[in-house]
Amino acid sequence: MIDGILIGLSTAFTFQNIIFVVMGCLVGTFIGMLPGLGPMSAIALMIPVAASLEPSAGIILMAAVYYGAIFGGSTSSILINAPGVASTVATSFDGYPMAKQGKAGKALAIAAYSSFSGGVIAALLLLIAAPYLASVSLSFQSTDYFALMVLGLSAVAAFAGKGEVLKALLMTVVGLMLSTVGTDQTVGVPRFTLGMIDLVDGISFLLLVMATFALSEALMAIIKKVDESKREAERKAASELGSMKITKEEVKEMVPVIGRSSVLGFIIGVLPGAGATIASFLAYGTEQRIAGPVKGKEFGKGSVRGLAAPETANNAAATGSFVPLLTLGIPGSGTTAIMLGALIGYGIQPGPRLYIDQPDVFWSVIISMWLGNIILLVLNLPLIPHIARVLAIPARFLLPLILFFSLIGVYFVSFNTFDIQLMVLFGLAATILRLLSFPMAPMILGFILGGMMEENLRRALLISDDSWSFLWERPLTLSILLIAAACLFVPMLSPVIAKMRSKTQDAPSAD
Amino acid sequence: MALSKDRIGGLLMLTFCLIYAWQSQNIKLLPFQLNSSFHARTMPEVLAVLGVGLSVLVIAFPSDKERFTLTGQKLGLGLAFLALMSAYGLAVRPAGFLLSTSLFLTIGFAMLGERSIAKLLLVAVPLVVSFWVLMNYGLSVFIEPLPAFLRG
Numbered sequence: 005m006i007d008g009i010l011i012g013l014s015t016a017f018t019f020q021n022i023i024f025v026v027m028g029c030l031v032g033t034f035i036g037m038l039p040g041l042g043p044m045s046a047i048a049l050m051i052p053v054a055a056s057l058e059p060s061a062g063i064i065l066m067a068a069v070y071y072g073a074i075f076g077g078s079t080s081s082i083l084i085n086a087p088g089v090a091s092t093v094a095t096s097f098d099g100y101p102m103a104k105q106g107k108a109g110k111a112l113a114i115a116a117y118s119s120f121s122g123g124v125i126a127a128l129l130l131l132i133a134a135p136y137l138a139s140v141s142l143s144f145q146s147t148d149y150f151a152l153m154v155l156g157l158s159a160v161a162a163f164a165g166k167g168e169v170l171k172a173l174l175m176t177v178v179g180l181m182l183s184t185v186g187t188d189q190t191v192g193v194p195r196f197t198l199g200m201i202d203l204v205d206g207i208s209f210l211l212l213v214m215a216t217f218a219l220s221e222a223l224m225a226i227i228k229k230v231d232e233s234k235r236e237a238e239r240k241a242a243s244e245l246g247s248m249k250i251t252k253e254e255v256k257e258m259v260p261v262i263g264r265s266s267v268l269g270f271i272i273g274v275l276p277g278a279g280a281t282i283a284s285f286l287a288y289g290t291e292q293r294i295a296g297p298v299k300g301k302e303f304g305k306g307s308v309r310g311l312a313a314p315e316t317a318n319n320a321a322a323t324g325s326f327v328p329l330l331t332l333g334i335p336g337s338g339t340t341a342i343m344l345g346a347l348i349g350y351g352i353q354p355g356p357r358l359y360i361d362q363p364d365v366f367w368s369v370i371i372s373m374w375l376g377n378i379i380l381l382v383l384n385l386p387l388i389p390h391i392a393r394v395l396a397i398p399a400r401f402l403l404p405l406i407l408f409f410s411l412i413g414v415y416f417v418s419f420n421t422f423d424i425q426l427m428v429l430f431g432l433a434a435t436i437l438r439l440l441s442f443p444m445a446p447m448i449l450g451f452i453l454g455g456m457m458e459e460n461l462r463r464a465l466l467i468s469d470d471s472w473s474f475l476w477e478r479p480l481t482l483s484i485l486l487i488a489a490a491c492l493f494v495p496m497l498s499p500v501i502a503k504m505r506s507k508t509q510d511a512p513s514a515d
Numbered sequence: 145m146a147l148s149k150d151r152i153g154g155l156l157m158l159t160f161c162l163i164y165a166w167q168s169q170n171i172k173l174l175p176f177q178l179n180s181s182f183h184a185r186t187m188p189e190v191l192a193v194l195g196v197g198l199s200v201l202v203i204a205f206p207s208d209k210e211r212f213t214l215t216g217q218k219l220g221l222g223l224a225f226l227a228l229m230s231a232y233g234l235a236v237r238p239a240g241f242l243l244s245t246s247l248f249l250t251i252g253f254a255m256l257g258e259r260s261i262a263k264l265l266l267v268a269v270p271l272v273v274s275f276w277v278l279m280n281y282g283l284s285v286f287i288e289p290l291p292a293f294l295r296g
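In order, the protein sequences belong to chains V and R. Residue numbers for the first sequence follow this note's numbering, so the first one is 5 and each next one is one higher. Residue numbers for the second sequence follow this note's numbering, so the first one is 145 and each next one is one higher.
Bear in mind the hints are in silico, worked out from the structure with no lab data behind them. Hints may be right or wrong, so weigh each one.
[Unchecked claim] Cβ-Cβ distance ranges computed for the label pairs, FRET-style:
1) V:P297 with R:K209: 19 to 25 Å
2) V:T251 with R:L266: 39 to 45 Å
3) V:L198 with R:L266: 42 to 48 Å
4) V:K305 with R:E288: 43 to 49 Å
5) R:G282 with V:T190: 40 to 46 Å
6) V:A55 with R:E210: 51 to 57 Å
7) R:A224 with V:S468: 52 to 58 Å
8) R:A204 with V:S468: 35 to 41 Å
9) R:A204 with V:S473: 30 to 36 Å
10) R:V285 with V:T190: 31 to 37 Å
11) V:S483 with R:A231: 49 to 55 Å
12) V:L482 with R:V285: 45 to 51 Å
13) V:K256 with R:A204: 43 to 49 Å
14) R:A204 with V:K305: 28 to 34 Å
All C-beta atoms in this analysis are idealised placements derived from N, C-alpha and C, irrespective of residue type, glycine included.
Same shape as in the complex, but just chain V (with noise of 0.2 Å):
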């Protein structure tokens, strides 16, 4: 390992590469805060650069361009609440109120700093355990794997309020309905098309993503009366940012919170097909149930372990994909997979010899993590009053800007004239379903989930000979499912056991 991470160092920290980090972080950091455009759209519009370099450079430039949209997208999720990809939405959840109460400034520094410690704690995690996680993660089996969804989508109870339990299942059903338009994956028969040729590929999860979040939300913007004076006085508090300083009472909430969705986020990231969404939401979700019931209430309202958990953990778990990616050459997420073609562009074909034969590529992206995490934090941290600016900008230009940058992010994709009419529809359904109060993160995650969901469950009963005995025979995949049900369960009978030791403590009283 020491010999690794020797030619890591010697390759990464070449002043080409290191300007190729620098440049990746910036261009990423642009680029993944502008609403609409996510690590994907940055990664594929930096593969006609990449290809020109040498294989470790350009994966280099690329891991670089990953990271700096991840915390892009974080930008624009706090302050503007449009999260351009899946995993800053749980970024949002704190974030933006906090943006809204003023505290703009904090709320970023304590984004920035949960990504640095994320993901230099998870690079750490990678560099010790690459090779042992590979094994780990051959393990993993379809039963495993079908399982794991059904606890990412069990968290959503963790995301509901009180008696929103039911919204939230129903809006994730929803999102699972969704991703069930277009070709079927295994026999490629078309499902709810319509007749329609444009939805045989299904519905674009950007789409979907802008639509009811970006969209949606400017869009309320509009439909609701807004003060004027109060919004002059957002605006001016936003424009201020308010102190970037933290607390130490901040420091020492934020630590063990950091710690734990590090560990978490960097597991979750390893399995293939997880990711850093299924981590923000799940580290999301356990800081919420681990705060008890008094800074519990504060998550969604401003809260500093709400914001910090999904921070950490999203990065965390985007240096974790990499350990599938560069192992066993599976992608951890959609974005890792865009990376895959790359590296076969180049003639590398990543899975276990990696390590053997091409030793520089592996080593030198790891330690490049490094270096990127802490470039952005050198460079965002000083940049944050510049990007905060965007919130000056009266509300008259700033909502057609932010309905144009969603339909020009989804239309520069495509290039389909129907994703932008499918865009306004889905756009319209989610402004109702927000005036009536339905929460739409469930949704999303559903719809990512739902086509890996039915593919890894499909594979267990071919497997078990279409037997359901899966379910209970294998322990990884039972103590997996168990937990699911719990985080689905507890949830909704907390308030009975409450209402019961309510009775039982003013029973005594009565007498």
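Starting from the structure of chain V, add chain R where the hints point.
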């Protein structure tokens, strides 16, 4: 039964789930799939049942009993923006990126209360042109800038 937010939402969801369930029966099954325990219709059918069940539960046990009201909201403006976006989608190809986007932004700013024509044009046009230059020359993403009748 009062029409609270939850109940209206539940009814809308129930309608959606019933249409989904009906459409799921239109999925064609290949001959070898007919006897298998998991086929192209399985997941949609399970989801339809879950969706209908959960919608009924939301209607029967609403957590939010607040009556739904639209007073104080500019619904017409929201619908006008949806129409504007749809029109932009239809116009972006034939009218070209520069003209259609400049019009989209100018009309959008004006709809939200900007009355100064100079400001409308000075914000929209340079922004659209610089965005196009950035995409075209900076990131090599080409999008047709001119209307169909001006193209060579």
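- Among the hints numbered above, which are violated by the structure, and what are their numbers in rising order? none
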